[in-house]
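Just so you know, the protein sequences line up as chains Y and X, in that order. Letter 112 of the first sequence, counting from 1, is numbered 112 in the working numbering, and no numbers are missing. Add 300 to a position in the second sequence, counting from 1, and you land on the number used in the working numbering.
Incorrect hints may have been included.
Okay, derived cross-link-like pairs now, DSSO-like style, lysine-lysine, Cα gap no bigger than 30 Å in a straight line [claimed, not checked]:
1. Y:Lys292 <-> X:Lys419
2. X:Lys366 <-> Y:Lys142
3. X:Lys380 <-> Y:Lys245
4. Y:Lys110 <-> X:Lys328
Simulated from the structure, these hints should not be mistaken for laboratory data.
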Amino acid sequence: MTPTKQRSPRKPSRMMRRAAPLLPALILLLIFMLGPIIYSVYLSLTNKALRGEGSASTDFVGLANFGQAFSSPQFWHSVGLTLIFTLVTAVIGQNILGMVLALLMRSASKIVTTLTSAIIIAAWILPEVVAGYLWYTFLGEKGSLNGLLNFLGLPSQDLLISLPILAVSFANIWRGTAFSMLVYRAALSQVSPDVDESAQLDGAGGWRRFFSVTLPIIRRSVLTNLMLITLQTLSVFGLIYIMTKGGPGGASQTLPLFMYEQAFSFGQLGYGTAVALILLAIGGVASLIYMKLLPREDKS
Amino acid sequence: MSAAVSSTQVSGAQPRTTGLRTRFNSTKLVTSLLLLVVALVFCIPLLWVVFASINPEATLAVEWPKQPSLENFSAIMNTKTTFRPILNSLLLCGGATLLTVVCSALAAYPLSRYQSRAKRPFLLVIIFATGLPITAVMIPVYAMFVQVNLIDSMPGAILFLAASSLPYAIFLMKNFMDGVPKEIEESAWTEGASTMQALRFVVLPLTRPGTAVVTIFTFVGMWGNFFVPFMLLLSPDNLPASVSLYTFSSQYGQVAYGQLAAFSLVYSAPVVLLYLVMGRRLGVGFTAAGGLKG
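I would like the entire structure built from these sequences, with the hints used as guidance.
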């Protein structure tokens, strides 16, 4: 993979010299990124634990950890929650809201556009822990949402208890929409207004113009954005951990939190690592699906 | 931040018939109102942190304080609560950002300048690593750090943070360097400059805006990162602000919401300021993300 490993043996010294600046980055990546991934493959096949059996001596247990995961209802519950969280947050929430905002901003007044994007970007810039606390206070029993609902004469809700996975999804939409919005605004600015205008003169309505003219042009940005936000959403940990700790009773325990609980609350490092590898695999499959959806001419 | 919209607005503002013009004006009104509604909804959670920070009797609800005061801020302005965690954050994120930017600039140069068979696979691996859920590698990283005694070590955490942000930094940096024409450094070579001299004195100065974007992106990402320091650092003396904010509530038994809000603001201020200073230049990062090739 390194540029030193290739043909043209005539001048290996020149190749080495040219590739030399890559070395510091390569060493860091090999030790701290590739290293843990390879180590995790080994760990996932052992019963390594922080305490009790497996802490004194580590035994090779084959695929037992994966078997344990696949036969655990709690694991499948977490997989389901992860899929809901990703679908609601990334694919529907951030993606569609980001697109709608970017489209609205094309025709809204400039002051409103600037103000709105500043607020949405502020939500995105704020550190994860702060966002977690903001939503904890917003949705809490005595929080602002209930104040608002009571003001409107509606009954109080306690989303953190009754529907925690939705609560953390809303928080994550709030936090992540800015990214999609910025990507789509950059993409839409490259769509020539002439194309849109001529379609309008041909009598195509707003919906029709969006789906038949605009969307095909920015298709690649949509797919790349979907891939990026899906992967980001799959690895959300801090926000959920701060808002609900995965609870109550595992009702918002997505895979990263399940993995953390197995590895640290229960000390099962081997099992937790197996779950981590499954999470990596889900991310890999998601990227492959999006890459496959990219039209051939765009893959160069 | 609003550069993207202006061009489309101009052309829309010159409609061919009056019918189109009135439609355009009502469109403008409706879209502006819709945006304002979204802005308001997005704003409410933000209002809490601002109001609560100046309210000595802050609760969970958004409410204008009866007696606004800076009491909360003065209460947290001490070494244990604020100064040390912020200093730790600066050390951790500053060190890791420096390492990332230097390594990515060095790595991007050969990737941008030389053709080789290994380049494309290497770039593909880098792009793939960009999307790697870092959360998933934290347990093996923890186990690995325990083995080599790097747990609770600031340098260890710095090295890992730097490595984890390298793929995206290399990718961005290479894109920026591709924008610097080769002819400029070729003339430097004919005058006898070495590769490293060309990079140092010719290419890097021309890539300065790009380097600034990479630096700020990396720094902002690390500043907000919770999971990595939460896993790798243990002793209170080492904890950065992201983790100390989390332990904030348990420190005093009962949560002092006003102080929590005040600390949240102090902790968020640096990244918000950086963003304001950089402004629309950071938009480049999103154009790059949108044009990402797979």
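Against the structure, the hints:
1. With a C-alpha separation of about 22 Å, the suggested pair lysine 292 of chain Y and lysine 419 of chain X falls inside the 30 Å cut-off, and the hint holds.
2. Distance restraint check for lysine 366 of chain X and lysine 142 of chain Y: the Cα-Cα separation of roughly 18 Å lies within the 30 Å cut-off, and the hinted pair is therefore satisfied.
3. Only pairs whose Cα atoms come within 30 Å are accepted, and lysine 380 of chain X paired with lysine 245 of chain Y is accepted, the gap being roughly 26 Å.
4. Using a Cα cut-off of 30 Å, the hinted pair lysine 110 of chain Y and lysine 328 of chain X holds, with the two alpha carbons roughly 10 Å apart.
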